[in-house]
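A.B. asks: Just need the whole structure built from these sequences, with the hints factored in.
Letter by letter, the chains look like this.
Protein chains: 2
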Amino acid sequence: MKPAVGWIGTGVMGSSMAGHLVEAGFQVGVFTRSQGKAEALLSAGATWYDSPMSLAQHHDIVISIVGYPTDVEEIYLGELGLFSAVEDQRKCRIAIDMTTSQPALARALYEKGKDSGISFLDAPVSGGDVGAKNGTLSIMVGGDEDVFREVAPVFEVLGSQIQFQGSAGSGQHTKMVNQTIIASTMIGMCEGLVYARKAGLDPLTVLQSVSGGAAGSWSLSNLAPRVLKGDFDPGFFVEHFVKDMDIALDECEQMGIDLPGLTLARKLYEKVVSSGGEKLGTQALYSAVDELSHESVKRDNGDRG
Amino acid sequence: MKPAVGWIGTGVMGSSMAGHLVEAGFQVGVFTRSQGKAEALLSAGATWYDSPMSLAQHHDIVISIVGYPTDVEEIYLGELGLFSAVEDQRKCRIAIDMTTSQPALARALYEKGKDSGISFLDAPVSGGDVGAKNGTLSIMVGGDEDVFREVAPVFEVLGSQIQFQGSAGSGQHTKMVNQTIIASTMIGMCEGLVYARKAGLDPLTVLQSVSGGAAGSWSLSNLAPRVLKGDFDPGFFVEHFVKDMDIALDECEQMGIDLPGLTLARKLYEKVVSSGGEKLGTQALYSAVDELSHESVKRDNGDRG
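Chains as they are written, first to last, in my numbering: chain F, 681 to 985; chain W, 681 to 985.
If you are wondering where the hints come from, they were derived from the structure by calculation, not from laboratory data.
If you're wondering where the values come from, they're calculated on a predicted model, not measured in any experiment.
Even for Gly, the Cβ is constructed at its ideal location relative to N, Cα and C.
A few of these clues could be false.
Claimed, not checked - To be clear about the criterion: a stretch of chain F counts as covered by chain W if any three or more of its residues have a C-beta under 8 Å from a C-beta of chain W, and this derived list gives those stretches:
id, stretch
1, 845-856
2, 875-883
3, 889-896
4, 929-943
5, 966-975
C.D. replies: Structure representation (structure tokens):
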């Protein structure tokens with residue numbers, strides 16, 4: 681028999697993911713901050729529960745995917761939190777947080793879970809709304825490997841690239857590697873486009889020359905064409921990427937490592953945020969890089985005056 | 681009848697490229713600084729000439745691919761240079777420089793060529809030794825479009841992605857876009873690997889999670905595995921990439937634009953060069969990024985002491 685799955689968080693990612701579980705025949709219970717956002721899931725066959733605690737009382741596995749580490753803390757450690765269910769009234773043995781969050785918080789929840797008899801996995805994802813919709817997410821998992829094996833059938837409904845990465849926090853660390861790589865790759869993509877335009881080239885023709893070779897990347901193929909169309913709608917929100925970079929930079933500080941590209945990206949995205957772009961897509965970085973160049977021209981003109 | 685093609689430069693790129701022309705049935709003449717390096721071509725059927733000028737006297741098209749802009753100047757403007765052939769003793773009507781070189785030099789050679797009745801194209805390539813060997817280079821062309829059309833059959837023997845990018849210098853500018861994008865993408869790749877190692881992850885398992893998604897790039901798929909094997913052999917030499925970044929940064933200064941990612945990459949590669957890595961492959965950037973982190977740890981320890 682399939683395990684009963686409690687689901688917390690019905691944003692753009694969570695809705696699609698929980699929907700796949702309902703379709704795959706899992707018994708799904710759902711809780712989220714505003715019940716309205718769960719309606720599609722409820723009419724598809726999921727059942728409403730009014731707290732993480734009540735989800736834990738009635739489901740074998742509970743999965744969360746929410747916004748920020750503070751939301752994760754509330755869900756697990758709050759008064760009506762997952763870990764607050766009294767043991768003899770609790771069905772939940774395994775809890776999985778798929779939010780992109782702090783490795784240290786993941787380790788803390790793993791330990792707290794152990795104390796209350798719940799195995800905790802950190803399992804953030806990449807692949808965005810499209811990956812969530814198509815069930816092709818990459819899922820990066822930290823925690824105990826035997827627990828990972830037990831819930832693998834659930835992950836397989838949600839993603840196509842599923843990797844156990846090591847002890848508690850390793851899933852989050854892997855996601856931080858992912859975001860660190862993206863950060864500088866985005867700078868390169870934006871700087872290439874700024875250069876192309878200033879040099880008087882046709883950027884679309886330039887992309888034909890450069891996208892398929894050593895300069896090629898997911899960002900260049902998927903986001904550069906949007907920039908050139910002036911389309912800054914979010915695939916992935918600036919504000920979420922900034923949160924992720926802040927977590928990664930915090931971890932770097934704790935590990936005593938210095939990543940200048942990541943630091944630079946964070947600084948450039950600050951410009952995007954301070955000009956009101958936090959709800960735009962990450963490709964809005966282009967405007968900040970382009971703006972720098974205008975400032976540079978102004979500075980030069982000032983020097984001459 | 682196929683045009684006779686004179687070829688200048690038999691490095692790792694030029695040898696393969698000229699070889700394809702011989703195989704395709706072009707009559708190929710060759711000149712290079714050290715005749716020994718042309719031997720494979722000569723035994724394949726190419727003919728030796730003792731200067732760019734003599735190549736120009738006997739071939740319809742002359743193509744150069746050498747190391748540095750100073751080499752390009754010598755080939756075109758030197759005493760025995762291509763443009764020094766007296767007009768009535770000259771067969772050459774079209775000259776093509778495929779070296780990665782300065783856009784300004786390309787424009788100057790285009791103008792000089794016009795004065796002496798030779799049409800000049802700048803046509804740098806990307807795709808490296810493998811692309812040259814397999815005839816799958818990306819060729820980015822600047823100059824007059826009718827001349828580009830005339831020599832397209834020659835380009836088609838050498839590459840698989842052939843784009844006319846605009847007026848003289850546009851090929852070089854496009855290559856600078858390519859290198860600018862690569863510069864920051866390389867930083868992202870190296871920082872991701874440094875983070876993964878310091879966080880105690882298994883970097884190969886991390887690559888399985890991150891290579892196929894939004895963090896994906898040619899660098900990540902092709903160079904990160906080499907870094908993890910400790911293989912820093914050159915696909916593309918550090919010293920050549922540094923030359924390219926210097927050209928791009930010069931152009932940025934002239935255009936009045938500020939590209940902080942490119943500037944950072946140039947600074948990091950300086951560390952590679954100053955520790956003797958100029959003949960390594962560009963993936964040697966990893967060592968410089970890793971070294972930064974050791975310095976950061978030392979600094980922190982110093983602060984505590």
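A.B. asks: Look at each hint and say if it fits the structure.
C.D. replies: Results for each hint:
1. Evaluation of the coverage hint for the stretch 845-856 of chain F: fulfilled, as 6 residues show C-beta separations to chain W shorter than 8 Å, against a requirement of three.
2. Here's how the stretch 875-883 of chain F fares: 7 of its residues keep a CB closer than 8 Å to some CB of chain W, so the rule of at least three is met and the hint holds.
3. Evaluation of the coverage hint for the stretch 889-896 of chain F: fulfilled, as 7 residues show C-beta separations to chain W shorter than 8 Å, against a requirement of three.
4. For the stretch 929-943 of chain F, the assignment as covered by chain W holds, since 10 residues bring a beta-carbon within under 8 Å of that chain's beta-carbons and 3 suffice.
5. Check result for the stretch 966-975 of chain F against chain W: holds, 4 residues qualifying (beta carbon to beta carbon below 8 Å, three or more required).
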